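S.K.: Could you slot chain B onto chain A? The hints should help.
2 protein chains.
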Amino acid sequence: MKHETMEFTDGGLNLIDQRKLPGEVTYFRATDYRDVRLAISDMVVRGAPAIGATGAYGTYLAALEYSSRPKDEFLQLVKEACDQLASARPTAVNLTWAIDQMKGLIDEHADQPIEEILEVLFDGAEEIAAEDVEINKEMARHGVEVVPRGANVLTHCNTGALATVGYGTALGVIREAHKTGKGIHVYADETRPRLQGARLTAFELVEEEISATLIADSVAATLIRDKKVDVVLVGADRVAANGDTANKIGTYGLSELCAVHDVPFYVVAPTSTVDYSVESGADIEIEERSPEEVLMINGKRIAPEEIDVYNPAFDVTPAKNVTGVITERGIARSPLKESLSRFND
Amino acid sequence: MKHETMEFTDGGLNLIDQRKLPGEVTYFRATDYRDVRLAISDMVVRGAPAIGATGAYGTYLAALEYSSRPKDEFLQLVKEACDQLASARPTAVNLTWAIDQMKGLIDEHADQPIEEILEVLFDGAEEIAAEDVEINKEMARHGVEVVPRGANVLTHCNTGALATVGYGTALGVIREAHKTGKGIHVYADETRPRLQGARLTAFELVEEEISATLIADSVAATLIRDKKVDVVLVGADRVAANGDTANKIGTYGLSELCAVHDVPFYVVAPTSTVDYSVESGADIEIEERSPEEVLMINGKRIAPEEIDVYNPAFDVTPAKNVTGVITERGIARSPLKESLSRFND
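The listed protein sequences derive, respectively, from chains A and B. All letters in the first sequence, in the order written, are residues 1 to 345 by the numbering used here. All letters in the second sequence, in the order written, are residues 1001 to 1345 by the numbering used here.
Derived by calculation from the structure, the hints in this document are not laboratory data. Being a predicted model, the structure only gives us computed values, none of them experimental. There's no promise every hint is true.
Claimed, not checked - Under the rule of at most 35 angstroms between Cα atoms (straight-line distance), these lysine-lysine pairs were calculated in the DSBU-like manner:
id, chain 1, residue 1, chain 2, residue 2
1, B, K1300, A, K20
2, A, K320, B, K1137
3, A, K228, B, K1079
4, B, K1137, B, K1300
5, B, K1227, B, K1337
6, A, K227, B, K1320
7, B, K1337, A, K300
8, A, K228, B, K1227
9, A, K300, B, K1020
10, A, K20, B, K1020
11, A, K182, A, K137
12, A, K300, B, K1079
13, B, K1071, B, K1020
14, B, K1228, A, K227
15, B, K1228, B, K1179
16, B, K1337, A, K227
What the hints assert, rightly or not - Sample of chain A residues at the chain B side, in silico, Cβ under 8 angstroms:
id, residue
17, S218
18, G253
19, D308
Claimed, not checked - Non-contacting residues of chain B with respect to chain A, defined by C-beta distances greater than 10 angstroms in every case (computed):
id, residue
20, L1064
21, F1122
22, R1199
In this text, a Cβ means the ideal position worked out from N, Cα and C, and glycines have one as well.
Okay, chain A solo, but in the shape it has when bound (with noise of 0.2 angstroms):
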């Protein structure tokens, strides 16, 4: 992309403000760890990966503000900061194992010197974010294999490099089949309520000048069977041990629908988003989030303010409708919890 997801300059973190894409390019930055949470919260940033590395910034950010306190008393702050930002969205796994990694880096770093300690800290973020981007890459490596030449591809929300430090799970999958002149056309849904396919998803594939088409997410169905579409590529915001997968809500729609007609459907995600704590998809909480979402639409409302809405962001698709999760370390297949749990170490 040309614009990036996140850069850390000078003290601050900046983040594109994807809450205004596409129609305006501009940065949020966040120069404390309320800063970082609010970003996360308020979908500033988002997208599981995303939102990870997010979060270790913020520890750090967190361990800048406290660093001329006592030691001990630096530890408590770092601490309690690390689990005000963990709690910022419930469901994606990544921002946990992001904030546990550098949590482990203060404890392993306890005994030294808080100017070291805050090396560390800036250290393990820019290292997380890198390694993002690194494993996006393999995993696209990895997934392409899966789409057919001249396919049609279909992808739900956004994916991609806003989703990510940059490249993108699935569509960083999508990236890749482009690349390297697989000649595929992309179809992806619109993505209510927040319409990440729309705004965010549309906006990279006009970037990249990948052949795409938008639809409402209820068109999706019928180009299922009709066989207008190949390969389904998702991302994921948690995978249970048993391969169930929580993403954006209409993903176990499209996978029920790729199951009655055979279409392939592929979950793209880093072993990081596999929850191994976690044994089945009834296990996992599901976030939900604010009416004015489904009511409101660029600040107007569409709907009466009377009515009850339902928001959850995510569904959980069951083991059984994936054809395979795409990872860093190869494509895990059925039966996805002894090929997932081979990635466990």
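M.R.: Structure of chain B alone, referenced to chain A:
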């Protein structure tokens, strides 16, 4: 409804302006047939049964306008106005049907004084409007039997009083179930891209004080899987002789989820919506509408200008996914071809 879709008073037709709902409840007053034509083509009024009755009143207004002319001239001018009205929306069969009824009345009474023809036309329009409400109530009476006590009912698009002269088709059944004290709860799909569910169905449900929840279209799949929906009720734009049903985009996907999870899926439509000249859904032409419906909401762009859009207005649900077609003459059940043919006389 507290607000009538249409009401003829003091020489003019008052139409609730559906372009402005639910933000503004205003009326569009048509005092000549040109206004009526504009109201139909610009979608002040929409829904096949509603535009049929509107067209009938338009014919009466044309007759009123030309009533001081010599008889021959009067007859000629009114028929020309009829042709104008019928072309306002070429695909809606109910509009042509209603205007043909009015033309028939003119032919029948051509020998009588203009004053009497006017009276006949006014009564004719009133009868078409009244009959539409009666047919809806008959459908509701039959349909209510398939709605269990305390059921969660899911519906798509707007099929209510606003889409008809009053009461509604699928939403008419819902209204009846509520009125008869079944203690139902409704899930209303917002229905992208034109948001008829969010704008119009939600408006009607709030007005009628029916317990209801608005959802993004892609939420329905999970609700159906989790048995939080007991029955799905939708309308129809055209039903083929074999029971294949063209309806608002998104209907097919719902039907497939219902088939997978054994949830009853009913189409509610008058027998006039069954097109016996069309053998199956494969022969139904699917209207593709403007990309702007997907790209813009409330006059604001939500996606990059350069992205291609595919925007079919309807999809086709195969007869095998339809539990029954609820008509004013009873419920046609599988095999639909046979049971629907009994209503063809």
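S.K.: Hint by hint, note whether the structure agrees.
M.R.: Checked hints:
1. Our distance criterion of 35 angstroms between C-alpha atoms is met by K1300/B and K20/A, whose separation comes to about 13 angstroms.
2. Our distance criterion of 35 angstroms between C-alpha atoms is broken by K320/A and K1137/B, whose separation comes to about 44 angstroms.
3. Using a Cα cut-off of 35 angstroms, the hinted pair K228/A and K1079/B is violated, with the two alpha carbons roughly 46 angstroms apart.
4. Taking the CA atoms of K1137/B and K1300/B, the gap is about 39 angstroms. The hint is violated against a cut of 35 angstroms.
5. Taken as a hint, the K1227/B and K1337/B pair is honoured in the structure, with Cα atoms around 29 angstroms apart against an allowance of 35 angstroms.
6. For the hint linking K227/A to K1320/B, the alpha-carbon distance of about 19 angstroms falls within 35 angstroms, and the restraint holds.
7. For the suggested pair K1337/B and K300/A, the alpha carbons sit about 45 angstroms apart, so the restraint of at most 35 angstroms is broken.
8. Of the pairs offered as hints, the one joining K228/A and K1227/B holds, with about 30 angstroms between alpha carbons and a cut-off of 35 angstroms not exceeded.
9. Taking the CA atoms of K300/A and K1020/B, the gap is near 13 angstroms; set against the 35 angstroms cutoff, the hint holds.
10. Taking the CA atoms of K20/A and K1020/B, the gap is near 26 angstroms; set against the 35 angstroms cutoff, the hint holds.
11. Proximity of K182/A to K137/A is assessed by CA-CA distance (about 17 angstroms); at most 35 angstroms being required, the pair is judged to hold.
12. Pair hint K300/A plus K1079/B does not hold up; C-alpha atoms about 43 angstroms apart against a cutoff of 35 angstroms.
13. Only pairs whose Cα atoms come within 35 angstroms are accepted, and K1071/B paired with K1020/B is rejected, the gap being roughly 40 angstroms.
14. With a CA separation close to 30 angstroms, the supplied pair K1228/B and K227/A stays within the 35 angstroms bound.
15. Simply put, K1228/B and K1179/B have alpha-carbon atoms about 22 angstroms apart, close enough for the 35 angstroms limit, and the pair holds.
16. This hinted pair checks out: K1337/B and K227/A have alpha carbons roughly 26 angstroms apart, not beyond 35 angstroms.
17. A hinted interface residue such as S218/A counts as satisfied when its beta carbon comes closer than 8 angstroms to some beta carbon of chain B; here the least separation is about 3 angstroms, so the hint holds.
18. Look at G253/A: its Cβ gets to within about 3 angstroms of chain B, closer than 8 angstroms, so that hint holds up.
19. For D308/A, the interface hint holds, the least distance from its beta-carbon to any beta-carbon of chain B being 5 angstroms, beneath 8 angstroms.
20. Every Cβ of chain A is farther than 10 angstroms from the Cβ of L1064/B; the closest lies at roughly 36 angstroms, confirming the non-interface assignment.
21. For F1122/B, the non-interface assignment is confirmed: its Cβ lies about 35 angstroms from the closest Cβ of chain A, beyond the 10 angstroms cut-off.
22. With a least beta-carbon separation of about 6 angstroms from chain A, R1199/B fails to lie farther than 10 angstroms from that chain, contradicting its non-interface assignment.
Of the hints listed earlier, those the structure fails to meet are numbers 2, 3, 4, 7, 12, 13, 22, in rising order.
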